[in-house]
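Participant: Assemble the whole structure, with the sequences as input and the hints as a guide.
2 protein chains.
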Amino acid sequence: MAGFVMQSLGCEVAALNTVNFSNHLGYGQAKGRKTPASEVTDMYQGLKDSHLDDFNMMLSGYLPGAEVVEAVAIMARELKYKATMKPGSFFWILDPVMGDNGRLYVAEDVVPAYKNMIKDADLILPNQFEAEYGRYPYLRVILLTFYRTLSGVKITDMDSLKQAITTLHETYRIPHIIVTSIPSLAGPGAEPSLSVVGSTITSNGKPRIFGIKVPQLDCFFSGTGDMFAALMLVRLREAAYNTEGLSETDSWVSADEVEAVDLPLACAAEKVLASMQGVLARTKAKGDLEMEKFYAKDVEVDEKELRLIKSKAYEVRMVRNLDCLMNPEITYKAETV
Amino acid sequence: MAGFVMQSLGCEVAALNTVNFSNHLGYGQAKGRKTPASEVTDMYQGLKDSHLDDFNMMLSGYLPGAEVVEAVAIMARELKYKATMKPGSFFWILDPVMGDNGRLYVAEDVVPAYKNMIKDADLILPNQFEAEYGRYPYLRVILLTFYRTLSGVKITDMDSLKQAITTLHETYRIPHIIVTSIPSLAGPGAEPSLSVVGSTITSNGKPRIFGIKVPQLDCFFSGTGDMFAALMLVRLREAAYNTEGLSETDSWVSADEVEAVDLPLACAAEKVLASMQGVLARTKAKGDLEMEKFYAKDVEVDEKELRLIKSKAYEVRMVRNLDCLMNPEITYKAETV
Numbered sequence: 001m002a003g004f005v006m007q008s009l010g011c012e013v014a015a016l017n018t019v020n021f022s023n024h025l026g027y028g029q030a031k032g033r034k035t036p037a038s039e040v041t042d043m044y045q046g047l048k049d050s051h052l053d054d055f056n057m058m059l060s061g062y063l064p065g066a067e068v069v070e071a072v073a074i075m076a077r078e079l080k081y082k083a084t085m086k087p088g089s090f091f092w093i094l095d096p097v098m099g100d101n102g103r104l105y106v107a108e109d110v111v112p113a114y115k116n117m118i119k120d121a122d123l124i125l126p127n128q129f130e131a132e133y134g135r136y137p138y139l140r141v142i143l144l145t146f147y148r149t150l151s152g153v154k155i156t157d158m159d160s161l162k163q164a165i166t167t168l169h170e171t172y173r174i175p176h177i178i179v180t181s182i183p184s185l186a187g188p189g190a191e192p193s194l195s196v197v198g199s200t201i202t203s204n205g206k207p208r209i210f211g212i213k214v215p216q217l218d219c220f221f222s223g224t225g226d227m228f229a230a231l232m233l234v235r236l237r238e239a240a241y242n243t244e245g246l247s248e249t250d251s252w253v254s255a256d257e258v259e260a261v262d263l264p265l266a267c268a269a270e271k272v273l274a275s276m277q278g279v280l281a282r283t284k285a286k287g288d289l290e291m292e293k294f295y296a297k298d299v300e301v302d303e304k305e306l307r308l309i310k311s312k313a314y315e316v317r318m319v320r321n322l323d324c325l326m327n328p329e330i331t332y333k334a335e336t337v
Numbered sequence: 001m002a003g004f005v006m007q008s009l010g011c012e013v014a015a016l017n018t019v020n021f022s023n024h025l026g027y028g029q030a031k032g033r034k035t036p037a038s039e040v041t042d043m044y045q046g047l048k049d050s051h052l053d054d055f056n057m058m059l060s061g062y063l064p065g066a067e068v069v070e071a072v073a074i075m076a077r078e079l080k081y082k083a084t085m086k087p088g089s090f091f092w093i094l095d096p097v098m099g100d101n102g103r104l105y106v107a108e109d110v111v112p113a114y115k116n117m118i119k120d121a122d123l124i125l126p127n128q129f130e131a132e133y134g135r136y137p138y139l140r141v142i143l144l145t146f147y148r149t150l151s152g153v154k155i156t157d158m159d160s161l162k163q164a165i166t167t168l169h170e171t172y173r174i175p176h177i178i179v180t181s182i183p184s185l186a187g188p189g190a191e192p193s194l195s196v197v198g199s200t201i202t203s204n205g206k207p208r209i210f211g212i213k214v215p216q217l218d219c220f221f222s223g224t225g226d227m228f229a230a231l232m233l234v235r236l237r238e239a240a241y242n243t244e245g246l247s248e249t250d251s252w253v254s255a256d257e258v259e260a261v262d263l264p265l266a267c268a269a270e271k272v273l274a275s276m277q278g279v280l281a282r283t284k285a286k287g288d289l290e291m292e293k294f295y296a297k298d299v300e301v302d303e304k305e306l307r308l309i310k311s312k313a314y315e316v317r318m319v320r321n322l323d324c325l326m327n328p329e330i331t332y333k334a335e336t337v
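Which chain is which? The protein sequence lines are A and B, in order.
Each residue of the first sequence is one higher than the one before, counting from 1 in UniProt numbering.
Each residue of the second sequence is one higher than the one before, counting from 1 in UniProt numbering.
Honestly, the hints are just simulated from the structure, not real lab data.
Among the hints, erroneous ones may be present.
[Claimed, not checked] Derived BS3-like pairs (lysine-lysine); straight-line CA-CA distance at most 25 Å: (1) A:LYS86 / B:LYS293; (2) A:LYS304 / A:LYS284; (3) B:LYS86 / A:LYS312; (4) A:LYS82 / B:LYS312; (5) B:LYS312 / B:LYS297; (6) B:LYS206 / B:LYS80; (7) A:LYS34 / B:LYS31.
[As the list claims (entries may be wrong)] If you want the footprint, here are the derived chain B segments under chain A, 3+ residues with CB under 8 Å: (8) 19 to 30; (9) 302 to 311.
Quick caveat, the model's predicted, so the values are computed rather than measured.
We put the beta carbon where it would ideally sit given N, CA and C, even for glycine.
Facilitator: In structure tokens:
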């Protein structure tokens, strides 16, 4: 998902597979293998040996164990260090993938390992709560625990989330933060919606918080976290390069006078959400048709089988919808929170 | 390379990585790991477990050992068997990758393993001779040995190649064959060119041989064999579906009255070569600029270092040139050989 999205938008991608699975874990089962940390390090060495480590950006996603997290942290620090003489020439997006679909993907010791490396990241993208928020209270607990571990703030509502973001800026000096898929409390008769809340730090460590609200599609998709992260990488770079001089500053942090809603991070997120809404709405429409056909056959299946059928029916229709990626139509705008 | 090309042209791809390397072998060195045959089989089992094995086409590329070749042969036969009640619903393109850039990639016992499975393939695409033809006589020997092993015909010129193709059709009943990158003997003053020679079997096992001649770019690229194979997959399917009823026949073999130059295989190859010439010409132009810059610096490097620099400079510019893939402009037409 992430590799294809970045490639189709013009990035040359060196994919370092931290797992090789037959399918994503939305199916509840998979064959394959987690890449050992030593192999990740070895592959990175291979890139260095042939001078193929001149990366402009890095996106780290699913890292299945603490050792791999540490291996990636070493890579990231080395790449950052190489770029010290050229501010802004290397940017690291850290997507702390920990679980999805109600399952914890990673070993328990991954959370503290992330805590050690998070201060080096330029943008963190905590995993989405997504449609499963509420439906999968376990995941919600993981994510909130993660934030709480990092920020020491107990998150129960938008105010405490803002407080947590503030603490993350202040304590870890993380330049950019985006939290995705925060469910909105819909009033009676209102359509359910999801919010994305983000912030870029100011020179004195304060947040600039914006939010973007999008309609919630009543459907569970797998891979949308990777899709969001990969699109953010492309669009944030684009937005940074559209602001004179910004791409040559450390971590692409906008001048203090830039308002929350005018941040490159906010502009990027608007485009990203437009692309995602396009692809996911089409995915849902096709998936609904497939499920209708299945129900029309009136065969009885058990819960496990139904999950397989549904997972396949709602596989994100990415390759046929490149137009949504390339030409997003912005409908949902960032607002000050 | 292959995965991205197919995805960007609208295919949903399940990539079963038979190797995980830090880089392609054009660099002369790489870190990483060959996937053991048991893991390939395991991944396929994972796809079956979740009903994700409903493939329309399969492209098999680099298989690093005889055991993996056998594992893939079992997969292919099973997928073919599943499709027996629906002729044409599964099509297997076998690209017998054995070497490139003067190096044998695979174990010696791979050649006989291929021999055992080749009769089940719908299209075989022997690896390209490419620019290294002549420059790397070793590779030429491997490829010719492969043909000779299969066909029993010693290939020295176009006539013996035609004879070999005829034998492959007759002996193994391979429906479609394409041999790429056959250097043309240029007359004095003529631009050097490469030919692609292909054939689709007739109902009585005879060949219909066509050739397409393209200008030879004086440059070595890595990954063009995968690019050719992936593009052929997309364009051959498209051509088969453009001929009424053909996609519902076994192996998409055209009726006997269809002339060589009008074969879907020929039409597909024309489009494929147009895309490739576009991408590679742009790659060469950019690569030449990079090398000019390098030479202008006037630093002394050893042969190994120069190879790394050249390999990187001439990395195929794929992601920025999607237009060549999507809208190929046909300039070189198939001719009867």
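Participant: Which of the numbered hints are not met once you compare them with the structure shown?
Facilitator: Per hint list: zero violations.
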